[in-house]
Structures are given as structure tokens and as C-alpha cells.
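K.L.:
The chain contents come next:
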Amino acid sequence: MIPPALQTPVARLALVLGGAFSLILAAWLWQRAATAEHQAASARLAEIRGRLALLPERLARLRNEGDPRAMLRARGFIGAADRLAWISALARLQAAMPLTQLAWQVEPSRPGALPGLTATAMQLDLAPMDPSRLRVWLDALDRQGVGVYSVDRCDWTPAAQTPRMQCRLIWWTWQDEADRS
Amino acid sequence: MRRRWPRHCRALTDRWLGWLPLGRAQRLLVLVSNAGATLARSQGGRLQEVQFLPADAEGWLQLDDAVKARPAAPVYLAVDSVDEAYRSEVLPRVRGADWREMTDRRLQQLLHQTPYRAALRQGRAPAVAAGEHHLFMGLTAPALLQPWLDVLRLRQTPLAGVWLTPVLAQVLLRRLRIAHPAVLLVVAQGDDLRLSFFQGGWLRYARLAPRAAHASADPLADHAEQIERTRQALLAQRMLQRGEPLHVAVLDPLDCLGGLPQRLTQQPEVNCELIGRGQLLSRLKLSPDHLTQTGDLIFLSLLPSAPAAANLLPQDQRLPYLHHRLRRALAAASAVSLITGSLTAAALGLDAWRRTAAAATLQAQSAAAEAQLQRLLAASPAISELESVWRSHEAWQHVRTHMADPTQPLAAVAASIGEAPGVRLLNLQWRGPDGQAGPVIVLDAEISPFDGDYLAAHRHIDSLIRRLTAAGWRARLTRRPLDNDPGLTIQGDFAPGQGLHQAVFQLVIVKAENPA
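Chains A and B, in that order, are what the protein sequence lines are.
Numbering of the first sequence is given in my numbering, commencing with residue -17 and proceeding in unit increments.
Numbering of the second sequence is given in my numbering, commencing with residue 10 and proceeding in unit increments.
In isolation and in its complexed conformation, chain B is listed as follows:
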């Protein structure tokens, strides 16, 4: 036996956590007819707490009690009435605002007397180019529905919508997997018979036929009569052609209509199929208790699957349901945020705790190592000074890397230049070692005397570089007497009296790693 949450715990949970979208959504399903209303609670697709409400103040009160007991549950309402209108037309295939404008206009023309109307798309019309089948339907006499709607409006109950029973029959047809080109679905509805006609799986026509006076004595005859009347009506409206096969599917939840197909043999194009109890139980989510003589509970079980486009409820009456959807969405977002935030914070907290514990371990190890180091340093006065000695040694070694003698390189380079004729030393710069780089000498000199022969000057410099290379230096010419770069502009004036020409050049010299 499944354990149930104790009642007081449930109340507590509902009060503090009722806003969380936990568990499967609950819905209240109501099917209104002339005889009253059938009310059921749907949870997880199963019908529960089925009630039959009379069409009077007592029934309205019972509905009020049910709604009051579950104020957050949305209500889905179906209507089974003779005051219905259906009109099937082929209209141009358009989308969006154009479709809404077109269908609203047509609905106003066809069903101006009622606000409970809707238009359904029903597939392409092969016979008409760019055409599409439409079914316009409406509840022509809303007075049947009004008292029930007043109860819901008073309680500000979120009303999801109002649907006609034949629309649910279309859903039923698909659940039963009946796929004939022309189908007449027959369902007993209390004292009446609901006949719905489908072409290609789309609802085209429906009627609610009152039972004849002799129906209780010979229900098969009543069924056969209504089926034939409906067939004639379809022929009259040219929805069905003479000789066109018609598949009649009759719901037989109590398996008591076994002789019906034989009653319909007069018309050879009519083919009758009985949908028995076993088939209904296997295809629909209903318990055996809910399969009664009337099809109310069958239609109620299909109400949550009703197509949204067939909702007859006017837009201005849908606000409470929209708010209901938004409330659930906000509650779901709150729940997700709460869970995500908690999990993220928990993960971060766990990591922080782990790192703190690891840091404590490391600190303990550091303390132990520090103690060991202090013990060793305290063992001897010399050792206690070891750190200071080492630091002074490191500092001294660092300074020694900067020490270099400038005089010897300067003298050596000057001597090499001095031996080269025609070169006048202007300036020698020595740069001390810097990190990995060794000392560098920058030499500025000029060819003297110079008669303007730059070519000879360059050759002279080249020979000077060779002399330095032979002496164990590596020289790089960084400034020429005349830069011969084709991308540069160079100019001069060899006219007499224009001043002495100069052939100044610069070399960067370093000690060769492998002297030649």
C-alpha cells in the first residue's frame, strides 16, 4: 500500500511550499450539457473524484465548492449542446495577422450572435489552388454555459478555455486510430446521441440527436435511425456523395450494441464498426469504472488534449488563465533559481572547505619544517649566521658580474684604429656588461683626409673592419659615410667653396667569442 503524507504535514507543506511547481499539474474538467455537468479532477492524465452536478443552484454550488477547494487548479470546460453551429469553407491559405483578420471577419458574419466561436484550419484543399479548409464553429446559445461561467468568474478561477464536444471527438478519432476517408463517429451522451462526421480525419459536421421515446426499448433501432438521418443530412449538404463509402464507428463501452451492424446493411456503402470496451480501455487512459453508458467521461479525459485553436473562449476572458500560466512559470523559475543557487553555493563552499583543510595541513607541515630548520640553525653559532653569510655572498657575486675593466678594450681598439692610416678617431664609448650581454664599444671616426671619394672611403672602412676582426674583435658598421640605401634621398655639393666633405662612420665592436 502506498504511504500517504500525513494530513497535517500536507497542510504545512501546502502552506509553505505550495508555490513550488512540485508534482504533476492538477486540472478541473467540466462537461456541461442540458442535464447538468460532469466534473472530474485530472492529475497525470487520470480522472479522479468524478461528480455529476445537476443544472440548478445545487449543481452550481457544488462546482463552487470544488473550485474553492482547489483555487490554483485551472478549469477546462466542454459543452455538449444542440445549440451549435458548424460551417465548413475553403478560404485562401494565409498566415499570421492576415489569417486572424480573415477568420475574425468571417466569424463575425457567420456567428455574430455569440462571443463563443472559433475557426479551425483543416488542411489544404486540393481542388482549390492555394486554398485551405476551415471549420467555423460556435455555441449559438451561450445561456446554457452562463451560470457555470459565472461561478468561475466569481472565484476568479483560471479558465483555460471552452470547447465543443465534437472537437474532442476529433481527438478521440485519432486516439482510436480510425483512418477512413469518411467517418461518422457515434457516441451516446446521456439521453442523447452525439454524431460527428469527419473527412480525412477532420471534423466537418456534428449534431446532437435527442433519443426517441422508444430508445430505451430498442436502442439499436434508435442508433440506426439517427445514423441514417445524419447520413441524409450529409448528402443534402453535399458533404457526402451518393454511393460514397461511409465508415460508421459506434462507441460501445458496455458491449451491448452487438446487433447494430446488421441493422445498417440496407445501405451497402455504410460500413459499421463497434468500438468495444476492451478497445476503449486499451486506447484511452480510463479506469473500467469510468466506461459507462454515457460518453461524458471519455470526452472529459480528452479535454486536456483539445486543440488550442478550437478554444471558444473570447480573448478578453482569458486573462485569469494567462496569469495562472505566468504564476506557474515564475514559480518554476524561482524553484530553478533556488536549486541552482543552492547547488552552486554548495559546490563553492565544499571547494572552499577542502582548500581550507588543505591549507591547514600545509601550515602544519610548514611549522614542522620551520621547527626543524630552527633546530639545525640553533645547533651552532656559525650555523645561526648561515643565512646572513649566504645573503652577503650572493650579493657580492651579483656585484662581481658588473665589474669589468674598460681601459684595456679601449686601449686595444684605439691601437688597432691608430695603426690604420687615414682614420681619425672622434669618440669611443665603452658600455659595461648588462646581464648576459658583455661589454660593448661604440666607435665614431672619420676618414681623413677625405676628397669626396665615398667609394674609396667605404673600402677603407671595410679594411678597418678586417683589421679589427684579425685582432679578435667583431665589428658592425652602424653608420656609413654615405648611406647607399635605394629608398633614401641623399644629396651633396662638390662645387669648390662649398665646404669640406666629411666621411664620418660608426662601428659597434664587441669581443669575438672565437677570435679569427
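The shape of chain A in the complex, shown without the other chains:
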């Protein structure tokens, strides 16, 4: 219980402390917002200046190498992931080069490391198969021209009754963000 003689000073102190705290809090929030704004503005300026600085190099490359997009589009790299085309290509390969086993499984597409890049994994179970035969088979798949892929993993079991290979392919596609929007 606060004595009556001290009630006003205590109330005054509480008011001052509350006011001071509110003042400091408001100023701190303002300062924090200003800092974020400053950092964003600084980052934006650095990005634009970077693009300006790289412009001559990119112009030179464009003059020397030309626009690769037509080639990439023709190879199936630019555009949406076309799963049906890949699977149809497997079917055509099986018709041309029959294997006793050609099991496939396509996983969900996921974003790649760069903006616009998409990676789709395809698991293959091929038998009978060995490295030299796999080379032939992959060359035939390349000639189908249904897309761009890389081999992520291959497991070869030569000691099995029928030598088999289990491979994981990554199908790559890219779409410019401006085109997607």
C-alpha cells in the first residue's frame, strides 16, 4: 500500500517511465524501418550497377555466340517439362531395342538451383544391360530429341542371373520467369 504522500510521485514516475519507454520504442521502430529501407535501397542499387557492369561482356558474348535459345528450344530444354514425350520415347526405344525388363518411374518435378530451371527425376530398371549396351541405348534416347537429361546414378549388377542396371536420369527444362508470368 503506497502512502498518500507518495502516491503522486510514484504515479508520476510510472507515467514518465511509460512515456520514456514508448518514446524509445517508437524511435527504435522507426530506426529499424529506416535501416531496412536503407539496406533494400543499397541492395537494389548494387544489383542494377552489377547488371550495367556486365552489359558489355554479355553483348560481346551475344555477338560471338549468337542466341542459343533456338537450339535449346529445339532440344527440348526451353519450355515446360513434357513427361509424355519422355515416356513415349522409352516406348519407341523398347520397340526398336527390346529388353526383357524396362521399368520406369517419374518423380515429381522440383525447382533447380537457378530461377526458371526444373529438374525431373526418372528411375529406370533395365535388363539385360551392361555398360557398353547402356551406351548404345542412351545414344538412341538422345536421337529421340525429346529433351535434355543427365545421368545421376547407375547401379550395375553383373553377377545377377540376368545382368541388370538401375539408372536415375534427371530431365532438365528451363523457362524464363518473364515468359512464365
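Hints listed in this document are in silico derivations from the structure and should not be mistaken for laboratory results.
By construction, the Cβ of each residue, glycine as well, lies at the ideal position given by its N, Cα and C atoms.
One or more hints might be untrue.
Derived CB-CB ranges, DEER-like [said to hold, decoys possible]: (1) B:S314 - A:L(-1): 14 to 22 Å; (2) A:A8 - B:R334: 55 to 63 Å; (3) B:L497 - A:Q143: 31 to 39 Å; (4) B:M111 - A:A8: 55 to 63 Å; (5) B:A465 - A:W86: 55 to 63 Å; (6) B:V519 - A:T82: 44 to 52 Å.
Over 12 Å on every C-beta distance to chain B, these chain A residues come out as not near it, computed from the model [said to hold, decoys possible]: (7) P50; (8) A67; (9) A71; (10) A73; (11) S91; (12) D107; (13) P110; (14) V130; (15) Q148.
SDA-like, lysine to any residue: derived pairs with alpha carbons at most 20 Å apart [claimed, not checked]: (16) B:K77 - A:D137; (17) B:K520 - A:D137; (18) B:K294 - B:R55; (19) B:K520 - A:R135.
Guided by the hints, dock chain B onto chain A, whose structure is given.
P.N.:
Quick look at chain B alone, frame taken from chain A:
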């Protein structure tokens, strides 16, 4: 001439900012005696607005007016009366609650008739082991003080305390730097003479001697008589030994007691010193106007320095002053919080404003750079597509880093293993490039046929590794047919019919950077 704050501005400031502990603290100092009271306001150690109040209703009214004019100023009260009691004793040296209990009990025994009493520690007693000098003192007849206290109580004025004048004389002694073993300080107090006896700087005894009828005619004779009477009293109480030197210091604010030392030559052990006007002005914070025949103002000026332990005011009457101290502390805390909060907020606000201004500058620069970039990109259709071309190029380059042919390494390793007799390939795993790491082949094989000779099996594997190294690979054995680690438990059974033994091993193979 110093400018003064206009009166109406002062009133406004006092009303809205009066709670702030600005400026030097003000105190009201009152010295009560039989003749009345001397009232002064103390600010910054200087006495101002000195008034002499009669010991009647008019005086009490004047005190009431003074207190009403400054309700927040604490009052320090000194008493100069014949109704005082002093008792010097040596008690055990204790501290804290034990000391309070001991002294309270002794005070009750010695001064039970008055609540205005106190005990002072006065240094160690060399003659007594673990002993300490104490002075018990009190106002035996509080009736002198009561009307004045009633005025203060009515106004709920914060009363800091009540002190006896001889206690202030002890402070005066130290200010005057009088340091003799036995000192008798003599101060004229109105119509009376205040004599205070000190040993080793500590107050031991005091008396207020009324002036004789012939004092006005021959003040020197009156002084000499009272000094001698006091000396005899000290001898009688054995506070002073016969033949022990006594230094008599007499305050002479008007420099009119020049012949006094000659009057005291009858006693050779008595040495008299006059403290003149010049010395008083140089040692005390008093203006020349305040050095009068009476020592009231001298004692009043010393009242704020009175020792807290000598405060006669009972504990139950100190609450208003405690509240006053707390109010000032809370006001100071409020002021500090206000200033600190304002400064901190101002600093943060200033930084925020600075950053906002800098961000605006950067945004303007970004807009200018963006405009320049757009101008360049708009200059040619090819250039306008440049960003998209570059992004497609970067994506393609990234994908190319993942492309690697598994068939050639697999075939090469299989061929190397195949040339090694007694090794049966179980499984080959090829892992594509991952970032900076190149392709890796994990080979699982077994020694076949195997007759249980693990030592031979290990030698066979070592030769296989050498063959791979020669072919430009770097192989690391990650699983042995039998792990020979001394920290592991290994077991087997070579008895016939216990099944075929196996010597399975695993190698991790990468392309050597520098083929052997």
C-alpha cells in the same frame, strides 16, 4: 547584476516543473531557545531571510507562515536550553542491532522522562579492552520545543531532526581546526553563555550558563567566571584532572573580548584563545552581517552538517521527512528517466532520419541507373532480349556441369577387375558429379574361390588396388573381408559343414588427378 526570472514565469515554472529536483536544495533552519527562535533559509550552504521569532503566538504564527510559504522544504531544528542532560560512559564495542538494543536500554534508564534523546559513539576507549566511548544526551524538558513542533506537525512539514546546540559546537570545533586534547569552547548565546567541553575532539559535557547581572557592565569578568565554574565542574566530575592543561577557545565575532586571556592567567594550566571575526569569516560560510554578538546564526549555519546519530527526534516522528526524501528520490528518478528517454529517443530518431535520407539518395541513384539500363536495352531489339539470353545461357551451363558418361568408367573398371584372377564382381555403382566432386564408383566384389585364407585374400585385394592405380584410378578399400581392427569382435567357424566362407570387399574408386 544577475538577471532574475520574472515572477509570473517563476510561478508557472514552479507549478508545472516544481516536482523536478532542479537547483540546490532549500532547507529551513530553526534554533529554539527560551528567548524564542531564530529562523533562516539555507540554500547552497548560505543563510538567507534570517528572522527572529518571539516565544509566543506571534512567533509560532511567523513560523507557520514561513513553513506555509515553502511546504516542500525540510526543517532542521536545534535547541539551546538549560534542560539538557549529558552522560559520558564507556560501553562494550558492538555493532548493528546489538548496539541499538544496548543504547536504547541505557537511554531508557538515563533519560526515561523524555522521548528526545540519543546516543553517540565517540571513539575507542584505550583504557578499556573492547570498550568504546558513548555520550548519552537528551532534552529533559521538551515543553520548550513543543509549541514549535506542533506548528510543524500541523503543516505536516518534513522535520529532518532535532539537535542540541553542543553537538553543533562539536562540528564548529572541527571547522575551526582546534585540536587540543581538552578544549572548552565558549560561545555567547543571547543572554547566556554556552560552554562545551571536548576531549580528543569529542563532546563530553556542556552547559548553558545564564549571564550575571553585571555581565553587560563587565562581560570579560562574566566570561572568566563561567569558564572557571565550568572548569571546577569538570574537575568535580573527574572529566579533567588537576593540573591537566585546558585549552579555552572563545568565539569573539565582534572582536571585543581582547582582554579575556589576561583574566584567565590565574590558572597556569588554562590557555585561552580568542577566535576573532576574521578567522570566523574565513572558516565559516557566513556573511559579515550574520556575525553578531550571539552565536545563533553560527550554529544555524552548521545545522545541516549535524551528525545523524545525534538526532533526538523519535523514530515515530520521522515519517514525514522520510516521505520527503522518497519524494525527492522519485522526482530525481523521473527526471533522469525523462532525460535518458528523451536523449535515447532523439539519438535513435536522428539515426533513423539519417538512414531515411541516405535511402532516398540511393533510391534516386537506382532510378537513374535503371533508366540508363533501360535506355541501353531499348536501343536494339537484340539487346532488349539480352537478359533472357543470358539467363538461358547460365541455366544451360549449369546443366552441363551435371552431364557425365557412366558407361566408359564402368566398363573400364569392370575390365580391370575382370583381368584380375580370383575376383568376382558383385555390383558396381556409379554416382554422377555433384558440385565440385567428380563421379565416384563404388565396387562390391568377392574373392572367389575362397578357402578361408583371409591373409591371402587381403593380399589379393592389395594387388587389385595396385592394378587399378596403374590404370589411372584411385581406389580406397572401405570394407574388408575380415576387419582386423583390434577394437572389434570377429568370429567364424572353420568346421566342415558350416557353410561356405565369403571374402566380400568394397572399393570406392575415383579417377586419379595424376594417373601413375
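K.L.:
Enumerate the violated hints, using their earlier numbering and listing them in ascending order.
P.N.:
Violated hints (numbers, rising): 1, 2, 5, 6, 7, 14, 15, 16; every other hint is consistent with the structure.
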